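As given, the protein sequences belong to chains A and B, one line each in that order.
Per numbering that gives the first Met the number 0, residue 0 is the first one in the first sequence, and the count goes up by one each step.
Per numbering that gives the first Met the number 0, residue 0 is the first one in the second sequence, and the count goes up by one each step.
It is possible that part of the hints are untrue.
Note that the list lumps identical chains together, so a pair holds whenever it fits in one copy or between two copies.
Said to hold, decoys possible - 25 angstroms max Cα-Cα, derived SDA-like pairs, lysine to any residue:
{"hint": "1", "residue 1": "K219", "residue 2": "H410"}
{"hint": "2", "residue 1": "K157", "residue 2": "L246"}
{"hint": "3", "residue 1": "K183", "residue 2": "G411"}
{"hint": "4", "residue 1": "K219", "residue 2": "T296"}
{"hint": "5", "residue 1": "K219", "residue 2": "S242"}
{"hint": "6", "residue 1": "K157", "residue 2": "V265"}
{"hint": "7", "residue 1": "K324", "residue 2": "R463"}
{"hint": "8", "residue 1": "K183", "residue 2": "R354"}
{"hint": "9", "residue 1": "K402", "residue 2": "P429"}
{"hint": "10", "residue 1": "K321", "residue 2": "R395"}
{"hint": "11", "residue 1": "K157", "residue 2": "Y129"}
{"hint": "12", "residue 1": "K183", "residue 2": "E438"}
{"hint": "13", "residue 1": "K219", "residue 2": "I333"}
{"hint": "14", "residue 1": "K219", "residue 2": "R121"}
{"hint": "15", "residue 1": "K219", "residue 2": "G466"}
{"hint": "16", "residue 1": "K183", "residue 2": "L246"}
{"hint": "17", "residue 1": "K157", "residue 2": "D282"}
{"hint": "18", "residue 1": "K402", "residue 2": "S433"}
{"hint": "19", "residue 1": "K183", "residue 2": "D231"}
{"hint": "20", "residue 1": "K402", "residue 2": "A361"}
{"hint": "21", "residue 1": "K402", "residue 2": "P335"}
{"hint": "22", "residue 1": "K157", "residue 2": "K183"}
{"hint": "23", "residue 1": "K324", "residue 2": "R395"}
{"hint": "24", "residue 1": "K183", "residue 2": "D441"}
{"hint": "25", "residue 1": "K183", "residue 2": "S242"}
{"hint": "26", "residue 1": "K219", "residue 2": "L246"}
These are computed hints drawn from the structure, not numbers from a lab.
If you're wondering where the values come from, they're calculated on a predicted model, not measured in any experiment.
Protein chains: 2
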Amino acid sequence: MAQPLSALIPRLREICGDDGVITDQHRRRTYESDGLTYHASTPGVVVLPTSTEQVAAVVRLCAETGVPYVPRGAGTGLSAGALPHSEGVLVVTSRMRRIVEIDVANERAVVQPGVANLEVTRAAAPHGYYYAPDPSSQQVCSVGGNIAENSGGAHCLKYGFTVNHVTGLEIVTPQGEVVRLGGKAADAPGYDLLGAFVGSEGTLGIATEITVRLLRSPQKVRTLLAAFETMDAGGSAVSAIISAGVLPAAVEMMDALSIEAAEAAVACDYPPGAGAVLIVELDGPAADVDAQFDRATRLCREAGAFEVRTADDAAERARIWKGRKSAFAAVGRISPAYIVQDGVVPRTALPEVLRRIAELSAAASGIRVANVFHAGDGNLHPLVLFDDSEPGASERAAEVSGKILDLCIEHGGSITGEHGVGVDKACQMPEMFSPDDLETMDLFRSAFDPDGIANPEKLLPTPRLCGERPGVRKGVHPLVAEGAAEQF
Amino acid sequence: MAQPLSALIPRLREICGDDGVITDQHRRRTYESDGLTYHASTPGVVVLPTSTEQVAAVVRLCAETGVPYVPRGAGTGLSAGALPHSEGVLVVTSRMRRIVEIDVANERAVVQPGVANLEVTRAAAPHGYYYAPDPSSQQVCSVGGNIAENSGGAHCLKYGFTVNHVTGLEIVTPQGEVVRLGGKAADAPGYDLLGAFVGSEGTLGIATEITVRLLRSPQKVRTLLAAFETMDAGGSAVSAIISAGVLPAAVEMMDALSIEAAEAAVACDYPPGAGAVLIVELDGPAADVDAQFDRATRLCREAGAFEVRTADDAAERARIWKGRKSAFAAVGRISPAYIVQDGVVPRTALPEVLRRIAELSAAASGIRVANVFHAGDGNLHPLVLFDDSEPGASERAAEVSGKILDLCIEHGGSITGEHGVGVDKACQMPEMFSPDDLETMDLFRSAFDPDGIANPEKLLPTPRLCGERPGVRKGVHPLVAEGAAEQF
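In isolation and in its complexed conformation, chain A is listed as follows (with noise of 0.2 angstroms):
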C-alpha cells in the first residue's frame, strides 16, 4: 500500500535538500499542467534533484513506500504527458542543466536533461556542428523531454526523430537503479532499450544523462515559398518533388484559413490571393543543394505555383518561416478557441485526407479547420476553430477533432506524429492497436515498472481513465491558452 506523501517529505529534504523540495500549494500549483493546459492537476509535492544520485534516490524512495511519481522536464509538451499525481512526486529535471562534454572528435554531446534542445546546437555551433532535432519550442523545451516524447520538427523529413539522433542514455529505472543504455559508438550488442526507451513517456525511467549524435552544419541552405491557388496544387508540387528524388530538410504546407491568421497576427506578407504555400527548405554540400533547389522551383511552377519566392540568407529565411512558426498562435486571432490535432498518413493520402477534413469542417456548423503541416512526411496539424460562447460549438469541435484521427488511422496512419499520447490520447490507443499488441506494450511496461508507479495512466489506456470497454473515446478539450499554443 502506497505510504501518505507527508511521510516521504522529511526524506525527499534530505536528498534534495530543503530548496529541492516544494510543498507549498501555490508554488505546486505552477506545475499542474503542461502545454495542453486543459489537463490540470497540483502535484502532491515537487522535487528538483541536481544529480543522477538524487533522482535516484528519490524514485528508490517512491518504490520503497509505492508512491507514483512523474517527469517533468520544461512542461512545453503537449499530450499532457507530465501531467502531474495529486498524490504523487513530481520529479522535475530543470537544475540538471549541465552540457556534460562536447565531443568534437567523436561527433557527440553529452548533456543533462534539463538542457535546453537549442543549447545543444549553441554549445556545439563554434565547432562547426548543431543538433538535428528541432521542435518549435527548442528555445525552451529540454533534452530530457524530447527524449520522453521522441519529438520532432520541421526538418524530421530529411533527418528523423530524436530517436535518430541519441546513442547514450544513462536512466534511473522505476525501481531506482541507475542503468547505462548504448554510449557513444554506433551500436551496442544486447537489446536496443535505448530506442525503446526515446518516446516512451517517463513510464520506463527518467534520463539523468543524455549522449547525441551531433552533425555538420550544413555548408548551405536555401528555402523557397511558393504560391498555389489551390491546396491540390500544392500537392502535387510535394509529390512532384519528392517523386523526383529531391530530399529537402523541410516542406511545410498551411492553407488559406491559416495563411489568414497569421497576416492577422504577424504580417507575414505572403503572396495574396494564394490558397496555399509551401515552404522548401533544402540543406547540404553547395553545389548539390543549388541543382536541388532548381530542381524543386522549377517542379512548383510546373505544378502550378503563380509566385515563387526564395531566401538565401538567414534574414530572408526568417521572413519566409515567419508566418509559418507563428501559424498556431496566430490562429487565436481569427477564432475565440481552437484545439491542436496532431496526426499522420501516408504522404500519398494527404489530398484524400484533406478533402475529407474540409468535408468534415463544411458538416460541422461553426466550425473551421486550419491546415498547417509537415507535408513531406504526412504529419498533420489541424487547427479545429469553434467559437467557445456558442452553445454546442466545443462539442462539435471535440467530434471534428476526433473524426480526423479516426481519418488518419483509417488511412494507415497514427494518431500521433509528434507531440506523443500522454493522458490525453491514452484511451484511444485502442482504435490502433489489437489487444495483443497492447498487451505487448503492458508486459514491456511491467517489466521495468511491476508496481505502476513511473508516470501512471499515460501512454495506455486504463480503465478508470477510459472506462472497461476498450476504445472509448473521452472528450476533446479546446485548448484556448496562447502561451501553449507558441511551442509547436
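Following the hints, position chain B against chain A.
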C-alpha cells in the same frame, strides 16, 4: 515441464504438412550450425512453415508444451545465434520468401522473412529504388535474419543499420500471439518495440512480415582506392576526410597482411608495396559526388597516398572492391586456420587500438593478425591467423582474439559491431554491462518470453553457459571453414 519432442511431431505435421517437418537424422544435421561452424548441435526437429498462421501455431504448441524453439533464416549468421537446440524445434523461414508489395509511392517494400536481402533491391530497382543495408552475405542472407541481427554492411557509415530501415513488423511472440509493431508511417505512438525487436536475435519472437524503407538509387557512385605506406597514414586520411565534413557511403581499410591474402586468392592487383589500402565510396547527386570526390582524393594525397585509383563505372568499381570483398575467405590461402573477430571502437581510438593489436600479435608466438575493417565507423574485423597443427597455437590465438575485445571495451567500444552476440559472445556481456544493465535486459526478455522457450541461452549470459561467476570468459574456438568466411 517440457514434453518429449516425439509427442509434438504429429501436431507439427498437422500444422506445417508432412513436407514441412524434418525428422530424419541426416537431414536435420544439415541445420546443425549457422556460419559460425565451430558451434554445432543437431536440432530435435525442423519445421518449414509457409505462413504467419503456421509460425504462430508452431510457437503456440511450443509454449503449451514448454518445448524450446530456435528461429533460423538463411543460416549465414556469425555468432551462433541460430545454433539449434537438441531437444527443441528449429523454425526455418526459408519457405516464406514472397515479396508482398513494392509500394513505390510510399517508398516501402513489404516482404516475408525468408526473402534474400538482395532480392528486395532487385524488386525495387526497376522503379529506381534500392534497399540500403548490405551485409556482404546479401545474396543469400534473409531479411528476417537481418532483423534478428540488426545487420550492417559496408555502407552503414552513411546509411545506418537494419534498424534504421525497418518501419513495420508483424511478429509472432514467444507466446504465439501475432502482434504488429510500427507500419508504413515514419513514427508510431506507444513504445518503440520495433527498434528493440530489431537485433533481439530471435529471443523476442519471429518476424513474419517486414516493412522496410526503400531509398532512391543514387544518381552517381564513385569509388577511389588509395595506397599508403603505413596504416597510420591511411588512418590520418580517414580522419581528414571525416573532419572535412565529407560523408562517404563506405570507408574500408585493409592492412599489408590482408592485402597479401587477397592478392594470393584473387589477384586483385592492388598497388605493390602498400602497407595499407583505403577504399572510399561516395554516392548521391552527381554535382555533390564530384565535388566531394575531388576533395577526398586530395585529402588522401595530402595524407601520403602514393597511388590513387578511381572508378566511375560498375566494372571499375568491382575491380576495386574485389580484393576487399574476398579478404576474409582469402586469409585461408596464407594461414591454415584463423579466427574472425568483430568489435567496435570510437573512430578516434582506431590508431591506438591498431597499434595495441600489433603489439598483442608480436607478443604471441606464431600468431599474426590481419586487419580489414569499416574505418569510417570504427568497426574492426581482425583476423587472427595461426597454424592449428602447432601445439598451443589455437589457445594463443583465442587469447589474442579475446584480448582484442578487451581493447575495444577499454576504449569505449563494443564486443560486436554487426555479427551479434548469439551463443558466441553471451558470456562476455558482463564485461560490457553492469549487473543492473543485464538484469534490465533480462526483465525485458522475460516480459516477452516468461517461460524462456525462445532461442534460450543466446544473447544473455546464463550460469549453465558461463558458470556461476558473472564475467567468466569462455574459450574462443578457431574458425576454419572457408565456406563460412565467404559470408562476411
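Pop the pair K219 and H410 into one bin, within, between, both or neither, using alpha-carbon distances up to 25 angstroms. neither (37 angstroms within a copy, 35 angstroms between copies)
Check K219 against R121 for me: Cα-Cα at most 25 angstroms, and say if that holds within a copy, between copies, both or neither. Only inside one copy: K219 and R121 sit 18 angstroms apart there, 35 angstroms across copies, limit 25 angstroms.
One pair to classify: K183 and L246, alpha carbons no more than 25 angstroms apart. Within, between, both, or neither? So K183 and L246 pass the 25 angstroms test across copies only (18 angstroms; inside, 28 angstroms).
When Cα atoms must be at most 25 angstroms apart, do K219 and T296 count as within-copy, between-copy, both, or neither? both (17 angstroms within a copy, 22 angstroms between copies)
Give the relationship of K183 and G411 under a CA distance limit of 25 angstroms: within one copy only, between copies only, both, or neither. So K183 and G411 pass the 25 angstroms test across copies only (8 angstroms; inside, 35 angstroms).
From the Cα coordinates, with 25 angstroms as the cut-off, is the pair K157 and Y129 best called within, between, both, or neither? both (15 angstroms within a copy, 18 angstroms between copies)
I want to check one pair: K157 and K183. Are their C-alpha atoms no more than 25 angstroms apart within a copy, between two copies, both, or neither? both (22 angstroms within a copy, 16 angstroms between copies)
When no copy is specified for K183 and E438, does a C-alpha distance of 25 angstroms or less occur within a copy, between copies, both, or neither? Answer is between: at 22 angstroms across copies they meet the 25 angstroms cutoff, but 33 angstroms inside does not.
Please sort K157 with V265 into within, between, both or neither, judging by C-alpha distance up to 25 angstroms. neither (28 angstroms within a copy, 40 angstroms between copies)
How would you label the pair K402, A361 (within, between, both, or neither) given a Cα cut-off of 25 angstroms? within (13 angstroms within a copy, 71 angstroms between copies)
Between the shortest in-copy and the shortest cross-copy C-alpha distance, which are at most 25 angstroms for K324 and R463: within, between, both, or neither? Neither: 38 angstroms inside a copy, 59 angstroms across copies.
Given a CA cutoff of 25 angstroms, do K402 and P335 count as a within-copy pair, a between-copy pair, both, or neither? within (21 angstroms within a copy, 69 angstroms between copies)
In this structure, the hints that do not hold are numbers 1, 6, 7, 10, 13, 15, 23, in rising order.
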